[in-house]
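Dock chain V against the given chain F, drawing on the hints supplied.
Taken in sequence, the protein lines are chains F and V. For the first sequence, the positions run 5 to 204 when the working numbering is used. For the second sequence, the positions run 5 to 139 when the working numbering is used.
Check each hint, because a few of them may be wrong.
Each computed DSSO-like pair below joins lysine-lysine, with the alpha-carbon atoms no more than 30 Å apart [to be verified]: (1) K81(V) - K120(F); (2) K179(F) - K81(V); (3) K134(F) - K103(V); (4) K134(F) - K93(V).
Think of the hints as simulated: they come from the structure by calculation, not from any bench.
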Amino acid sequence: MTTPEVTPAAGMNWRRASMAGVVALPIIALLAFGLTRDPGEIKSPLPGKMAPDFALEVFAPGEPGQERAVGDTIRLSELRGQVVVLNFWASWCLECRREHQALTEVAADYATRGVKFYGVLYNDSPSAGKRWIDEMGGQSYPSVNDARTRTAIDYGLYGAPETFFIAKDGRVAYKHIGAVTDRLLMQKLDSLLAAPAGTP
Amino acid sequence: MRILAALAVAVVARSATAQDTAVRPVTGADSALERRTREVASELRCPVCQGLSIADSPSDLALEMKGLVREQLAAGKSPEEIRAYFIGKYGEWVLLEPKAEGLNLLVYLLPVALVIGGGLFVVRYVRANSAERET
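With the rest of the complex left out, here is chain F:
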């Protein structure tokens, strides 16, 4: 039995092919990894950190049970010990329409369990915000006006809607970008209510 002879040219071709593979494979792997990632999804550094404090004025009072007088100032620091949900919204935001019913219903359900919901009007006027609430059939929880967008910047906002879940100890437990669902709201709130203070 004879072994086939490997000519120098064939050996050279194999070497070239394997060299090209060594160079190309990591690049292909890197590009393939890139395809599995959503460029719009940027990790927020806020979860786990203390939620930035704010003092914002109520422009939409909400409904009995959660009502706050128009003109009242809401300070996050005064809500320590309670689970707080902050929902940044605007009347021009289409996704906000999609999540509105879930927010308003879950807020009403969880109000008796001590959860505070606040809408934060982002990059919009209170008059447009009020019109929107009327058009949507009401909002069970109060909304405050972030007139200079400074609270939005403090929370590292990319757009609306964005929802922040703040634990009893004042830390940001979770940030959701885009429309929330009732299922997601209930799941996050149940776990926050079950957790003792200090474990976001």
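Same frame as chain F, but now just chain V:
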């Protein structure tokens, strides 16, 4: 009629300019602050735009962020402290140029390595071909 209207606009514009100047004259310190604001703002990414800095974006959020940079500089904060503030809110993503450390080094080193590697490959390929032709 048109001439009258134009005259009226010119008079109003002139008086408005005079009033603005009388209220707050532009000083050298103002222009230095503006220059420093622009320098810091041009390094920060606008969160609601595609690849624009907050210095270049006309969006409301970017304008407000630029105002915040201006306020913080006027309050005596250093550019490094201001960058740290925005990184604390938005993460390193907010920097248009990532810091040259850790995995970020790949962004800076990989293109250089590829150019050098590619150059060496081309040189070797050309030499090998010309050697083959000579034999």
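Hint-by-hint comparison with the structure:
no. : hint              : in the structure
1   : K81(V) - K120(F)  : 35 Å, violated
2   : K179(F) - K81(V)  : 29 Å, holds
3   : K134(F) - K103(V) : 44 Å, violated
4   : K134(F) - K93(V)  : 29 Å, holds
When held up to the earlier numbered hints, the structure conflicts with 1, 3 and fits the remainder.
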